[in-house]
Amino acid sequence: MTITSARVKSRSDATPAASAAGGKVYSPYSFWFYLPTALIYSILFLVPTFASFYYSLTRWSLFESKFIGLDNFVMFFQEPALVKGFTNTLIYAVVTSGSKVVLGLLLAVLLTSRIVGRGYLRSVVFFPVLVSTIGVGLLFQVLMNPERGLINETLSVIGIQGPGWLTDPKWALMSIAAVDVWKGVGLATLIYIAGIVSIPREYMEAARVDGAGSWESFWRIVLPLCKPATVTVIILSLIGGLRSFELIWAMTRGGPGFTSDVISSVIYKQYQAGFYGLSTAGNVILFLLVTAIILPLSWFLNRKEVEM
Amino acid sequence: MRFRPGTRGLALFAVGALALTACSAGSLGSSDDSGGSSSVEITYLTTNQDQDVKEAEQLAKDFSAKNPGITVKVETRPGGTEGDNIIKTRLSTGDMVDVFNYNTGSLFNAIAPQKNLLSVNDEPWVANLDDNFKKTVTADGQVYGAPVGGFMGGAVLYSIPVYTKLGLKVPKTWAEFMANNAKIKASGGGVAPVIQTYGETWTSQLFVLGDFHNVSAAEPDFADKYTKNQAKYATSPAALKGFEHTQAVHDAGYENKDFASAKLPDGLKMLATGKGAHYPILSGVVANMIATYPDAAKTVGLFALPGDNAATNGLTLWTPGGLYIPKTTTGDKLDAAKKFLAFVASPDGCKSQSEAGAPTGPYAVKGCTLPADVPQAIKDMQPYLDKQGASSLALEFLSPVKGPSLEQITVEVGSGIRKAKDGAARYDEDVKKQAQQLGLAGW
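Top line first, the protein sequences correspond to chains X and W.
For the first sequence, the working numbering assigns the number 36 to the initial residue and increments by one for each residue that follows.
For the second sequence, the working numbering assigns the number 751 to the initial residue and increments by one for each residue that follows.
Okay, chain X solo, but in the shape it has when bound (with noise of 0.2 Å):
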């Protein structure tokens, strides 16, 4: 606990000691402008995060610590839901964010051209968004149960025995996924949207004149010209499915057994048996895992970006 005080302490005072220095450097603001923020960022943020550092090294019962070095780490590495979890979260993000890319494209397109009723298509794509995640989980794990789920019922109409969406361990985790995608969509389809609408028309006239079909032009000019949005939807979209887990756990809770587990979920369960040390251990890697996929993605996307 020293330790971590210590350190935290040291940081929040370097802040307004650099400024201090650097008091130079012109800035519109005083320091005590800057204090209430600087304190609550400490306090909620600053803090936590180093005390979690310092707890993931502890075998904690929340009433008591004790410093076991790196132990949990160990730990939760040999776990073998972990590998499967891992697993897992990289298959989830991967293929929402990729499903996110392509449907978000081809419905911006779609709700960009003259169809009727555009505005009103455009919120209904968006409306799935903003319905709260559990209450969207809890209804499809209703849609998708085997027996009695209006899904299966239907396709049964047709003459297809559908499979358990949420039962089959081949196919729970991709269940999960679409159901993903259809909430997530929305926030896609309206950043392309944004994007599409700002490519000058002059561009596309320029392409008709010289004889380009609708392929190429969106080949060539749509394409091209959507990559700022195309990253912020590849770059959120990721981070969500690395991170995601509500909707996992209101249709699944990462079952059946232990097919569906993620990271975030594989995490949770351990703080609720009680292992609140080797899960803040789990929170410190997931948090390495994500910094480790996006910084460099971020990075490398957004150079491509200035290259073009």
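To be clear, the hints were calculated from the coordinates, so they are not data collected in a lab.
You may find that some hints are simply not true.
In the EDC-like style, the derived pairs of lysine to aspartate or glutamate whose C-alpha atoms are separated by at most 20 Å in a straight line are [to be verified]:
| no. | chain 1 | residue 1 | chain 2 | residue 2 |
| --- | --- | --- | --- | --- |
| 1 | W | 1169 | X | 188 |
| 2 | W | 811 | W | 1179 |
| 3 | W | 1007 | X | 106 |
| 4 | W | 838 | X | 245 |
| 5 | W | 1077 | W | 881 |
| 6 | W | 1169 | X | 203 |
| 7 | W | 982 | X | 114 |
| 8 | W | 1077 | X | 99 |
| 9 | W | 1182 | X | 281 |
| 10 | W | 1171 | X | 106 |
Got chain X; can you put chain W on it based on the hints?
What follows is chain W alone, placed relative to chain X:
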């Protein structure tokens, strides 16, 4: 910028709502003050299961009738691991209510009783408690809890009409049980031999947990060795049986078709309506079933999970839940809380609980009797209890070691995702974390 009327209305509404909430908070506080001296209100936290709430409210009502001036407010929390977290968080932040209901045995040990709970060792009613129960709420020689609810059996509930129709006999060994299942399946009629409800994962564990009497009959020192990290589920032939049985009913195709998605109420419905023959479950669910299907009081019976040896076959018991007073309860409220515990642990308290719904089994208080009209399934527990050595406590009351993932593992084993042996080995890994968290020697 001009305010549109709509926005203004919204702002007004927001301010109004704020003012209202401020008002109600204030008035709550003042009513507390005015009634302070003559009457005490204590809060009792219980789980949000229908039957538990009914029981808690009945207890609160009967207690207030006997103790005018004390009212008991019932508050609810989720059960399962989510509830464990709420209890631990509220205890560690000093935010616990005056009296709360929580598990006994291994989970009781995990909430650091010496640190958080008030010892009730010197209360007169402690002498009237059942010894088995007393052990499960004792830490360092101090008793901390009063029993609420009755003993529960982890057993097989079976449909009596299905048994009479096919002329079956209550099985004492696993082989007889499987033979019955084969006959039920062969007779057709869409009756599922074994009901499993993996939509609610905790219900999947009974073949393992309810088999413990048979384990301890074969290996009497299993619990001790288990606590000391010397016995394992995967390597003890008797203990492994539970996992093998879970797998066997799946391999033989004896489960109901919707076993993967069905939930507890679906299972109870199948059993009560004769669409399913056997349901391995806790006898605590009987009251719920009878509240929905009154006929089930007569048509559903109970037998202990069958093992290898007919002579030593017996019932695995779960002790009642405990009522605890946290150390944060003080003054008038503490006196009231102590009186409440004394009431619950008295014959009057048992009577009050029996009124709220069918009991789950015998009570842990001396002098308490079951009403004459208990359901057949509960009556069927009595012979096991009367016979010497035909019942024993579940492992979680004899050893603090209990892993959190057993329910997921048994779902996998019972769904054919994982083999029994592998599942048992995985559970052995799972309990390691719990043992280390508790700081047990030898792990």
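Evaluated hints:
Restraint check for residue 1169 of chain W and residue 188 of chain X: not satisfied, since their Cα atoms lie roughly 32 Å apart, outside the 20 Å limit. For the hint linking residue 811 of chain W to residue 1179 of chain W, the alpha-carbon distance of about 46 Å lies beyond 20 Å, and the restraint is violated. Note on residue 1007 of chain W and residue 106 of chain X: the hinted pairing is violated, with a Cα-Cα distance of about 44 Å set against a maximum of 20 Å. Distance check on the hinted pair: residue 838 of chain W and residue 245 of chain X sit about 71 Å apart at the alpha-carbon level, beyond 20 Å; violated.
Among the hinted pairs, residue 1077 of chain W with residue 881 of chain W is inconsistent with the structure: their alpha-carbon atoms are about 25 Å apart, more than 20 Å. At most 20 Å may separate the alpha-carbon atoms for a hinted pair to count; residue 1169 of chain W and residue 203 of chain X meet this at roughly 16 Å. Restraint check: the Cα-Cα separation between residue 982 of chain W and residue 114 of chain X comes to about 18 Å, which is no more than 20 Å; the hinted pair holds. Between the alpha carbons of residue 1077 of chain W and residue 99 of chain X the distance comes to roughly 17 Å, so the proposed pair stays at or under 20 Å and holds.
Simply put, residue 1182 of chain W and residue 281 of chain X have alpha-carbon atoms about 28 Å apart, too far for the 20 Å limit, and the pair is violated. Our distance criterion of 20 Å between C-alpha atoms is broken by residue 1171 of chain W and residue 106 of chain X, whose separation comes to about 27 Å.
Against the hints set out earlier in the document, violations occur for numbers 1, 2, 3, 4, 5, 9, 10.
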